[in-house]
Amino acid sequence: MNRIDQVFQGNKKLLSIYFSAGHPNLEDTLPILRALQSSGVDMVEIGLPFSDPLADGPTIQKSSTKALKNGMTTEKLFQQLENVRDEITIPMVLMGYFNPMMQFGIERFCQNCKAIGIDGLIIPDLPVDIYHERYKNLFEQHGLYNMFLITPQTPEVRIRYIDEVSNGFIYMVSSASVTGAKNTFGDPQINYFNRIGEMQLKTPQVVGFGISNAATYQAATKHSRGAIIGSAFIKFLEKEGIDNIPKFVSSIR
Amino acid sequence: MRYQVDEKGFYGDFGGAYIPEMLYPNVDELRQNYIEISESEEFQKEFQSLLKEYVGRPTPLYFAERLSEKYNTKIYLKREDLCHTGAHKVNNTIGQILMAKRLGKNRIIAETGAGQHGVATATVCALMGIECIVYMGELDIKRQAPNVARMKMLGAEVRSAQSGSKTLKDATNEAIRDWINNPVDTHYIIGSVVGPHPYPDMVARFQSVISAETKQQLLEKEGRDYPDHVIACVGGGSNAAGLYYHYLDDLRVNIIAVEAAGKGIDSGESAATSALGKEGIIHGSKTLLMQTPDGQITEPYSISAGLDYPGVGPMHAHLYRSQRAEFISIPDQEAMDWGLTLSQMEGIIPAIETAHAFASLDVRKFSPDEIIVFNCSGRGDKDLDTYIDYFKL
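Protein chains in written order, with this note's numbering: chain P, 5 to 257; chain A, 1123 to 1515.
Please note that the accuracy of each hint is not assured.
[Said to hold, decoys possible] Computed beta-carbon distance windows for the label pairs:
#1 A/Lys1343 x P/Glu111: 28 to 36 Å
#2 A/Val1485 x P/Asn87: 54 to 62 Å
#3 P/Asp133 x A/Glu1260: 32 to 40 Å
#4 P/Gly75 x A/Glu1260: 24 to 32 Å
#5 A/Ser1389 x P/Asn6: 32 to 40 Å
#6 A/Arg1281 x P/Glu168: 18 to 26 Å
#7 A/Leu1225 x P/Ile194: 27 to 35 Å
[Said to hold, decoys possible] If you only want the chain P side, here are some residues facing chain A, beta carbon under 8 Å, derived:
#8 Ser55
#9 Thr78
#10 Pro131
#11 Thr158
Read the hints as simulated data drawn from the structure, not as lab findings.
On a predicted model such as this, the values are computed, not experimentally measured, just so you know.
Just so you know, even glycine gets a beta-carbon here, dropped at the ideal spot from N, CA and C.
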């Protein structure tokens, strides 16, 4: 069974953390993964840096740029992760834009993911229609789940379609925005979480974008199976360093 | 082989809409409506009327006698430089502002590199009384002060793009992020035949007035409505798309695309995307783009700000790969020399982008009975500072 499905068994509310590979320092990938796992994080998203991350706000843009300056590449990340499964047992998802994957070669990319033990991918600029038509078989042959985003503006019929072709989880973008931390959620977000909750989708939902603290984590997970924190974690990491990761995680839940 | 867009938004292997889900509702609304709206009688009436009364169309198809004599062939110039605001860009912004109004949008965003598309967008927003925000790279704002001032005079807000390399591609990223953050009331006026489907097709349709007029004017002057060659410069490729549009499937017409070689194709400072680019995704479109082996998009270089885009419209990528079009690249120096040549032989000071197209005359031979149409896409006023520096005028 895919590790993502395993972690969704039972009723536990999940905490997933995103970080940009190669940031703050090139060789931080494994130390960050170890610290997240030992702090009790349920799942991780490893960001593959891209020069033009157009769905991301300033924090992740900066961490991507820094990671690239540090020398991070797709090839380098796969090298770093070669033996990661000797010690990391929680689900690992790679999140990145489609162009670097194309240049690496999609099939070769999938083969590397499989060899390492990556459980799934989130590719914001690979739309569900094109995925379904051109890449689904390839991903499935390599045991890779591909997770899709929905937003408050996504029409119901499209949410149903995404639910149908999805496995793993649906990434619920909290509001119409690029990534970035917010302090609270307002009524429109809560209504949207409720609306999706009432649709009785087969794929569990995880909320992302705008989760930054215990309050937003609580609000998001009240109506979903979990929440993803990215920008707030990256900011913390820049200031407090890897050693203090347990402090961050315990401040959330 | 077909050269127009297919029903899924692809030109052969290129195009499509590789966009984050957050953009899907905006782009899909446009995709579902753009043909019906732009082909409606009521839209066409207003569009054609503005092109005539406001832009100053039809632009002349001018027979360049001295140039023809020197190169011993028949050379016509499609005078897009005579359009209001000084270039073909306004054909598209007029079309898109009318589209935005019909989609009920009351806020316009745009990206600009050198500022020409920003000025053309600010102009039509002033004309319609609609809020206008133009994203421009921090470096370009410093390099293009007169166009920044023009946009401000026209009432637009110019926002500095601080991310990445702080130039056109980053301004485009910022405009896309703005659209993600404002999905309901905002229309994004893209300035070239780039971006996710339906933009390349929509912009090409609005620019296609260039070749529609050319056909009619050639028929009057030459007794046939097609030339032997059409030649245009290509950055993103909107002026070229406009000139090629009605000739794409007419194989009697040879298509020539001129890219900017910058300091030379192998210099590391170039914008010749067809020669240096590889297939990939930029700004929501699958096309040829300049990038590192790891797939990071690189910064192009050309002395002409309008040609230094790291990608190229998907229509042009398809014309290149299918060999429907000939691609030529012209270095800075030859383009600059042609800025002088055209000025002194025909009394027309061209934009540096446009001068690249004319430089193909030194590279490619044409026979005396052949008819060539150049897109004289923009005038050189905006480039005076560069000409002054370069020629110590």
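Verify the CB-CB distance for A/Leu1225 and P/Ile194 against the hinted window 27 to 35 Å.
29 Å, holds
Is the gap between the beta carbons of A/Arg1281 and P/Glu168 within 18 to 26 Å?
40 Å, violated
Regarding A/Ser1389 and P/Asn6, is the given constraint of 32 to 40 Å on their beta-carbon distance met?
49 Å, violated
Taking the Cβ atom of P/Asp133 and the Cβ atom of A/Glu1260, is their distance within the range 32 to 40 Å?
36 Å, holds
Hint check: is the beta carbon of P/Thr158 less than 8 Å from a beta carbon of chain A?
Status holds, d = 7 Å.
Hint check: 8 Å Cβ-Cβ cutoff, P/Pro131 to chain A:
6 Å, holds
Hinted contact P/Ser55 with chain A - closest CB pair below 8 Å:
Result: holds, 4 Å to nearest chain A Cβ.
Quick check on a hinted range of 24 to 32 Å for P/Gly75 and A/Glu1260, using CB atoms only.
25 Å, holds
Pairwise beta carbon distance, A/Val1485 to P/Asn87, judged against the given window 54 to 62 Å
Holds - the Cβ-Cβ distance for A/Val1485 and P/Asn87, about 55 Å, lies within 54 to 62 Å.
Are P/Thr78 and chain A close enough, Cβ to Cβ, to be under 8 Å, as the hint says?
With a minimum Cβ separation of about 6 Å from chain A (threshold 8 Å), the hint on P/Thr78 holds.
Lying within 28 to 36 Å: is that true of the beta-carbon distance A/Lys1343 to P/Glu111?
Given a distance of about 55 Å, which is not inside 28 to 36 Å, the answer is violated.
Hint compliance for this structure: hints 1, 5 and 6 are not met, and every other hint is.
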